[in-house]
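Asker: So the sequence lines, in the order shown, correspond to chains A and B. Read the first sequence against my numbering and you will find it ends at 201, with the numbers running on by one and no gaps. Read the second sequence against my numbering and you will find it ends at 141, with the numbers running on by one and no gaps.
Simulated from the structure, these hints should not be mistaken for laboratory data. Hints may contain errors.
Straight-line C-alpha distance at most 20 angstroms; calculated SDA-like pairs for lysine to any residue [claimed, not checked]:
hint	chain 1	residue 1	chain 2	residue 2
1	B	K28	A	G129
2	B	K28	A	K100
3	B	K84	A	Y191
4	A	K144	B	S58
5	A	K100	A	S152
6	B	K28	A	Q131
7	B	K28	A	Q128
8	B	K84	A	H188
A few chain B residues that face chain A, going by a derived Cβ cut-off under 10 angstroms, partial list only [what the hints assert, rightly or not]:
hint	residue
9	P56
10	S58
11	I128
12	T130
In this text, all values refer to a predicted model and were calculated from it rather than measured experimentally. Heads up, the beta-carbon is just placed ideally off N, CA and C, and yes, glycines get one too.
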Amino acid sequence: KAGVTQTPRYLIKTRGQQVTLSCSPISGHRSVSWYQQTPGQGLQFLFEYFSETQRNKGNFPGRFSGRQFSNSRSEMNVSTLELGDSALYLCASSLSGTGTHEQYFGPGTRLTVT
Amino acid sequence: KNQVEQSPQSLIILEGKNCTLQCNYTVSPFSNLRWYKQDTGRGPVSLTIMTFSENTKSNGRYTATLDADTKQSSLHITASQLSDSASYICVVSAQTGGSYIPTFGRGTSLIVHP
Numbered sequence: 088k089a090g091v092t093q094t095p096r097y098l099i100k101t102r103g104q105q106v107t108l109s110c111s112p113i114s115g116h117r118s119v120s121w122y123q124q125t126p127g128q129g130l131q132f133l134f135e136y137f138s139e140t141q142r143n144k145g146n147f148p149g150r151f152s153g154r155q156f157s158n159s160r161s162e163m164n165v166s167t168l169e170l171g172d173s174a175l176y177l178c179a180s181s182l183s184g185t186g187t188h189e190q191y192f193g194p195g196t197r198l199t200v201t
Numbered sequence: 028k029n030q031v032e033q034s035p036q037s038l039i040i041l042e043g044k045n046c047t048l049q050c051n052y053t054v055s056p057f058s059n060l061r062w063y064k065q066d067t068g069r070g071p072v073s074l075t076i077m078t079f080s081e082n083t084k085s086n087g088r089y090t091a092t093l094d095a096d097t098k099q100s101s102l103h104i105t106a107s108q109l110s111d112s113a114s115y116i117c118v119v120s121a122q123t124g125g126s127y128i129p130t131f132g133r134g135t136s137l138i139v140h141p
């Protein structure tokens with residue numbers, strides 16, 4: 088069974104630009120969650136999508152948004168990039184959500200904002 | 028505010044030795060507690076998931092304990108191996124209705140020396 092895949096793996100953007108990251112979950116998984124990981128803050132929850140609907144949301148500004156398609160693939164968008172958005176962005180998939188179901192993480196997208 | 032505190036921040040041990048990592052939390056209402064292992068440059072991998080009623084959960088050489096009364100958890104690693112060198116992250120999820128919001132600890136960085 089193929090794991091969670093994320094594209095691109097590395098990305099360099101300039102302040103003020105926007106960026107879109109992609110996540111393909113494990114086949115059959117309907118929940119996709121996004122996380123930001125930085126040395127200063129550690130891992131932080133961004134949002135979770137289930138069946139094309141945002142079900143949970145962390146404490147991030149509206150510049151961070153996402154969506155999920157009918158095949159469960161998900162995209163995350165960050166608009167008006169700031170230097171502080173430089174981070175490893177991880178997505179994770181599970182059968183039904185972040186309850187007690189196993190979550191499987193992808194390798195992450197390393198975003199650098201200059 | 029929900030918080031998860033992990034100790035120690037870093038730990039160095041010799042191969043073959045045992046070690047115990049600690050996680051204290053103030054997350055409410057409690058849903059579940061997870062321990063993840065994250066190798067450098069990779070996404071986290073789930074080790075254990077524990078709900079309120081579970082006291083102990085094992086996964087090979089990894090054993091997690093949970094004391095829901097004192098809101099403490101520990102991860103015990105027996106007979107450590109070089110491949111155990113990684114960051115170990117404790118995650119506690121709060122449940123409100125059908126929503127699960129995870130709060131992450133900052134992790135314990137474990138280095139196993141030969």
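Asker: Look at each hint and say if it fits the structure.
Answerer: Against the structure, the hints:
A C-alpha spacing of about 17 angstroms is found between K28 (chain B) and G129 (chain A), which places the hinted pair at or below 20 angstroms, so the restraint holds. Restraint check for K28 (chain B) and K100 (chain A): not satisfied, since their Cα atoms lie roughly 33 angstroms apart, outside the 20 angstroms limit. At most 20 angstroms may separate the alpha-carbon atoms for a hinted pair to count; K84 (chain B) and Y191 (chain A) meet this at roughly 19 angstroms. Distance check on the hinted pair: K144 (chain A) and S58 (chain B) sit about 17 angstroms apart at the alpha-carbon level, within 20 angstroms; holds.
Taking the CA atoms of K100 (chain A) and S152 (chain A), the gap is near 17 angstroms; set against the 20 angstroms cutoff, the hint holds. A hinted pair counts as satisfied when its Cα atoms are at most 20 angstroms apart, and K28 (chain B) with Q131 (chain A) qualifies at roughly 14 angstroms. Among the hinted pairs, K28 (chain B) with Q128 (chain A) is consistent with the structure: their alpha-carbon atoms are about 15 angstroms apart, no more than 20 angstroms. With a C-alpha separation of about 15 angstroms, the suggested pairing of K84 (chain B) with H188 (chain A) holds against the 20 angstroms cut-off.
Residue-level restraint check for P56 (chain B) is violated (minimum Cβ-Cβ distance to chain A is 13 angstroms; threshold 10 angstroms). Residue-level restraint check for S58 (chain B) holds (minimum Cβ-Cβ distance to chain A is 7 angstroms; threshold 10 angstroms). A least Cβ separation of about 6 angstroms between I128 (chain B) and chain A falls short of the 10 angstroms threshold, and the interface hint therefore holds. For T130 (chain B), the suggested interface contact is upheld, since its CB lies about 8 angstroms from the closest CB of chain A, less than 10 angstroms.
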